[in-house]
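Chemist: Chain by chain, the residues:
There are 6 protein chains.
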Amino acid sequence: MNPRTRQQLMGVSTATLCTALFKRGLLRQFVQDVRPLNPALPNMVGEAYTLRYMPAREDLNTLDVFKDREHPQRKAVEQCPPGAVLVIDSRKDARAASAGSILVSRLMMRGVAGVVTDGGFRDSPEIARLPFPAYHQRPAAPTNLTLHQAIDINVPIGCGDAPVWPGDVIVGDGEGVVVIPAHLADEVAAEAVEMTAFEDFVQQQVMAGRSILGLYPPTDEQSRADFAAWRQQHGR
Amino acid sequence: MNPRTRQQLMGVSTATLCTALFKRGLLRQFVQDVRPLNPALPNMVGEAYTLRYMPAREDLNTLDVFKDREHPQRKAVEQCPPGAVLVIDSRKDARAASAGSILVSRLMMRGVAGVVTDGGFRDSPEIARLPFPAYHQRPAAPTNLTLHQAIDINVPIGCGDAPVWPGDVIVGDGEGVVVIPAHLADEVAAEAVEMTAFEDFVQQQVMAGRSILGLYPPTDEQSRADFAAWRQQHGR
Amino acid sequence: MNPRTRQQLMGVSTATLCTALFKRGLLRQFVQDVRPLNPALPNMVGEAYTLRYMPAREDLNTLDVFKDREHPQRKAVEQCPPGAVLVIDSRKDARAASAGSILVSRLMMRGVAGVVTDGGFRDSPEIARLPFPAYHQRPAAPTNLTLHQAIDINVPIGCGDAPVWPGDVIVGDGEGVVVIPAHLADEVAAEAVEMTAFEDFVQQQVMAGRSILGLYPPTDEQSRADFAAWRQQHGR
Amino acid sequence: MNPRTRQQLMGVSTATLCTALFKRGLLRQFVQDVRPLNPALPNMVGEAYTLRYMPAREDLNTLDVFKDREHPQRKAVEQCPPGAVLVIDSRKDARAASAGSILVSRLMMRGVAGVVTDGGFRDSPEIARLPFPAYHQRPAAPTNLTLHQAIDINVPIGCGDAPVWPGDVIVGDGEGVVVIPAHLADEVAAEAVEMTAFEDFVQQQVMAGRSILGLYPPTDEQSRADFAAWRQQHGR
Amino acid sequence: MNPRTRQQLMGVSTATLCTALFKRGLLRQFVQDVRPLNPALPNMVGEAYTLRYMPAREDLNTLDVFKDREHPQRKAVEQCPPGAVLVIDSRKDARAASAGSILVSRLMMRGVAGVVTDGGFRDSPEIARLPFPAYHQRPAAPTNLTLHQAIDINVPIGCGDAPVWPGDVIVGDGEGVVVIPAHLADEVAAEAVEMTAFEDFVQQQVMAGRSILGLYPPTDEQSRADFAAWRQQHGR
Amino acid sequence: MNPRTRQQLMGVSTATLCTALFKRGLLRQFVQDVRPLNPALPNMVGEAYTLRYMPAREDLNTLDVFKDREHPQRKAVEQCPPGAVLVIDSRKDARAASAGSILVSRLMMRGVAGVVTDGGFRDSPEIARLPFPAYHQRPAAPTNLTLHQAIDINVPIGCGDAPVWPGDVIVGDGEGVVVIPAHLADEVAAEAVEMTAFEDFVQQQVMAGRSILGLYPPTDEQSRADFAAWRQQHGR
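Chains as they are written, first to last, in this note's numbering: chain A, 4 to 239; chain B, 4 to 239; chain C, 4 to 239; chain D, 4 to 239; chain E, 4 to 239; chain F, 4 to 239.
Quick caveat, the hints were computed from the structure, so don't treat them as lab data.
One or more of the hints may lead you astray.
Any copy, or any two copies together, can satisfy a pair, since identical chains are not distinguished.
[What the hints assert, rightly or not] Using 20 Å as the maximum straight-line C-alpha spacing, the simulated DMTMM-like pairs for lysine to aspartate or glutamate come out as follows:
1) K70 with D223
2) K70 with D155
3) K70 with D96
4) K95 with D67
5) K78 with E197
6) K26 with E197
7) K78 with D189
Bound-form chain A, shown alone:
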C-alpha cells in the first residue's frame, strides 16, 4: 500500500469511508456485526491476508492436528505479512473460537496490523489488553477445532457478509471494519480526507448552534464560503 494512503486512512473513519464507497456503487463493504475488543486503539489499516474456515468434521479436528506445522491456522499466523490485516471467514459462527490470545500475540509481534473475524476470539479479555487491533462478533471460549477447520489461506472470502479479496485495504476504527477494494484505495483515502475536513467543519458549526439545512450538504453559497475560509484558517 502506498504509505501516504496508509497514513491518510489512519485519520478517517469507517463511516466516512463507507460513504466514499457508496458513491462508487459499493454498498456492502462494511463487515457486519463485528466490534473492536479494545475500542480505544488508533485505526487499524492494512492489506487483507485471508484465512477461510469450513465446518469441522470431528475426525479431522482432534488436538493432534496442531502438531502439523502446515496446519493452515498456524501457517497463516506465521505467514501473514507485517503491515497486513488477517481477515478470517468464520461463517459468522461465534460458537467456537477463530483464534486465541497466543496466536493474536504472535501476529502482533510479527508486525501484523490487526485481525478480524466474523466469529469470536477466545482469551478475549487478554486480547483486549494488547495494543493490537482485533475485531470479532463476541467472545468464544471453545477451541476452533470444536466447529471450525482452517482450510484455505489468502483466497477471496466473505467476512461479516462483506466480500474480501486478498490485497483489499482493511480499515478498522472504534465503530467497526470496512473493506476497500485494492484498486480504489488511493482515491478513496484521498477523498475521505477531504470529506473528513468538511465533516469536522460541519461538526464545529453544528456545535456552535448552526442548522444543518444548507450546511450539510452545503447547498448554501455561504456554507461553501465558510468552509473555504475554515480550511484556510485550519490549514486543511
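Starting from the known structure of chain A, fit chains B, C, D, E and F onto it as the hints suggest.
Modeler: Chains B, C, D, E and F only, in chain A's frame:
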C-alpha cells in the same frame, strides 16, 4: 409533559416503569435490543417525536437527495421539538445507519432530549462522547441511504417491537428505553416514584442481610411497618 | 466441591477449561451468548443450582404470585446453597427479565457464588456495580412475569445451549461461562492448571518474539526443555 | 376430557380457538412455527402429555442409552395415554430429531391422538403417510441423541413459545396447534362452535358478494337478523 | 396499469423480472421469504395498495375495535381497488395473523388481484383453496390484534425487506413476489417478454442436449442465429 | 463410487445414514435446513463436486460476467462429472439465487445426479417439475449476481453447516441431504442396509401392535429371534 412528571421520571428506572405498565396490562412497552451509547448519562425523558424508515430503493436514494431541505430525515432533525425524544423506526435493521454524529449533535444543540433507533448509529464513538442520550442496537457505519429511506415524520411506529405513538413519554436509562402511553404518564410516574422508594428500602434491607420472604413483596406486617418507619426517616 | 478444585478453578480461564473438556469429547459445555455484567471481577466458581422457566401464561403470572412464599423464583433465591451458582434456563429469551437487582443482591448476601441466565437481568446497571458475578445475554427491564414462569428448582436444564446438571461445576470469567460435569471437576481443574502454566510460558515466549511453530504445541524438543526450565524457575 | 368437548373441538379451527382465548386474555397459546406433516388429516384433539428435552451431553447420549427401558423418550411413547397428545419441548431446535417413524407409529397404534414437537421429526416422509396427526418445525434426520436428551415426562413445558401444562387440551388443524388451558376447555369449545357458525354464515355472505362492514362484526341489526334466520335454516 | 403490460406480466416469471430490474440497478425488489398459499394459480398482477401494521398496544387492540367501520384493516379490505394487490407490511412478524379467510374472500369478491403479507394468514387452509393469489411467510392462527395494529392505508411500506410504493406493480408466481416501480412497469414487462422468449429457446436447446457455453448468454454467433430462426418458427 | 455402494444408498434413508455416522462420532453431516423441490423422486446419490460462493461485490458482478466462459458458476455446471452431485456453498443466504432452471436442466442432461444449495434456486416451480433431485432452503428469484459470486470449484466447503469435501458421498431423500465421508461410504452403506432391514422389521411389528420395549433396540432375546426369522422369510 407535566414538568413534575418529567422530574419524577428522571429519578426512576425503566425496570420499575415496566412493572407499573405491566400492572396496567401493557407488556410490550420496552424497546427490545437497544442500548445506550453512553450508559453513564442521567435518564433520558421526553415526548416521542417519530421518524419512520422504509427499505431504500436504489434510484431514490442517491447522495443527492440530501440537497432537498424537505428530506424527512433532515427535516425531522430540525423540527423535533426541544425536550422531545426522536424515536426512529429502522425496522430493527442495523446494517446501515439511522443517523450519524452531525445529526445527533444538531439534535442535542436544539435542546432535544435524546434519540432512539432500533437500527444503528454511525460515528458511534463520537456520539458516545456527547453529553446526550442516544440508544441503538449496534454501530452501523454505512450511510442510511444504503438501506433506509426516511418516509414519514411523527406517525405511529414500531421501535424494537414496541408501539410508539407521537406524544408518548419515552424514558431511557442505563438499561434501555421504555415507552409510556401519553395518557398514563402522570400516574405511572407518580406510582414509579412510590415503587422506587419501596425498592430502595428493600435493597437496603437485603444488603443488611434480610430475607426477601415476607419483605418483597411485603406480605409480613413487620415489613410494612419497617417501610413506614424508613419513609419517615428518609423523608420519602 | 473439593476446596482445592475450587481454588484451582479460580485461576484458570474458561478457554482453557473448554479445551480440557474438548479432549474428553465434550464440545458443548460453553454457555453460548452470555457475558459478565462486570467483567472485572475474579472468576466465578460454584456448583450448579438450577432454576427452570417456562413460557408464562397470563392468568398464572399476575403480580400477586409473588405473595406466595413458595413461588419457585423466590424459593430458589432463598435456597440456593452458599458457594453454589444459580443457573437459570430462560429459554434464551431476553425479552423479559430472569431476575433483578434485589434478588441478585440477596443471592450475594447469602454467600452464593454467582448467577447465570441465558436471558437477561433487569436493574442491570445496579447489578453491574455489585461485587458479585452475574452473566446474562442482554439487559431486560420487563418483569419476568411478562414472559417467564419459574417452574422447577434444581432439575437438569439447558442454559445457552449447554447441558447443566445440578451439581455440575460452573466457572465464569471475563469471557463467559463453562459447565464442567461434576465427576470431571477435579481432574479437569488439575489439568487446566497444568495447561495454564504452559500457556503462560508460551505467551511469554511469544511476547519475546518466538515463533509458535514447534512451540505451541511443543513439538520441538527445545520447547519442552525450555518449558521444564521455566517451570523450575517460576515454581509452577 | 368431556367427550362433547372433544367432539366440538374436532369441528373448529385453531384460528377460531385463538380468538376465543384472546377474549380471555390469553395471547400466547398458539405453538409458533410448527406445521402438520400431513395437512389433510382431521383435527387433532387430546390432552397434553409432555416430554421435555434438554441439551445432550455427549457422554450421556450414546446409542446404548436406548437399551434402558426407563429411558424417558421410550417410556413417554409407551405411557402417553390413549386419546392424549404427546407434546415435546425440543427447545425449538430442529437440528436433530425429536422422534422418528417407529416411535410415532407406536404412538398411533397405542391410540394416542397425535404428537407435536417444536423441533423436527426424522423419517418425516413415512410419518407424513401415517393416518396420524404429527406437527413439527422441519424434517431432522439426525437421531435425537445428537443434540437432545429426554429428561422429564409430563411436567409443564414450553412448545414453540407456548406454555403447555399436562392436561391442557391440544388442538391441531391444517394451520397449526393451539393449547387450551384445561379449565377453559369446555367453555372455549362451546364458544368456538358458536363462533364457527357465525363465521360460516359470514363466509357464505361474503362469497355471495356482501360487504364485511356491518357484517363482520355484525354491528348492523340486519346482519344479526340474517344470522338468526341462517341458523334456523341450517339447524346450527 | 396499461392492459398490455398486465397481460405481458401474466406470462413472465418473477425470476425474469428480477433480472430485468437488476439491469436497472434495482436489487431489492423481491419480497423475501413469502410463498404462495396455492402455488398452482396463474400469476398475480396488480398495482400495490398498501396497509401498514405497527406493534399492537394491548389497550388499543381489543376485539371491540372492529366495530369501528373506519378500522384501517377493514377499510383497506373494502377500499382496495379491483385489479390492485393489497400489500401488507407486518414487520415480517408471523406470530399473529395479518388477515383471515373472510377478509381475503372479500378481497377476491371485490375483484382485487391478490394479497401479500410478510407476516402470516390465519385460516390458511381455507385461503389456499380459494382461486385467489395470496402470499405469506407461514400460517398464523392468532388474530392480528394479538400483535399487529393496522395504522396506515396506501403509504409507502416495506414488505419482506422490499420497498413498496403505492401504485408499484406487483407480480407473483409460484416462486414469490416482485415489486416493479410504477414508472418502469411498461418497459420491464416488455423486456421480460423478450427475455422469456430467449429463455424458453435456451431451455429447449438445453433439454435437447446443448451446452450452455456460448448459448446462455449467446456469445456464439450461431446461438444468436438459432434464436432468430426459433423466433420466426414459433412466432415470438 | 463402488456401484454396489451407490445401489445400496438408493435404498436407505438419510435418517438411517445419520445414525450410522453418529456411531462413528460424526454428528454434523446432515445439511441443515434444505429440502427437496420435488419430494417424490427416488434418492439422490453421488460424489460431491463443489462450488463456493462468496459475497458479491457490485463492480465484479454485472450481467456481463456470464460472457466469460470461465465463469466458475457456468464452468461448474459444464464440468461437474456425470453421476456426481453439485453441492453449492451459498453461505446459507437465500436472498438471491444459487442457480436457475436452465443451469439445473443442463446438469440433468449431462447426467449429473443432483444439486444441493444451502441458499435458494430461482425458477423453482420449473425445477420442481424436472425428474432431477434438487435441494435448497427456499425459492429465490433474484439472480445470483445480486448477492453471490462464484469463486472456487471443487474445494472443501460448508453446506448447511455440514462439512463437504470433494468426493464425499452425498445422499438425498424426501427428508433432506446427508454427507458421507468418502472413506466411510462403503461400510456406512452396507451397515445402513442392515439397519434398514431391522427398522423395516420393527416398523411391521409396531404396526401389528407390538411394544417398542425390548424390540427397539432388541434387548429381548425374542426380538432377536423374531428378526432372524423375519430376515429368512423376507430374504433380507
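Chemist: Tell me, in ascending order, the numbers of any earlier hints that this structure violates.
Modeler: 3, 4, 5 and 7
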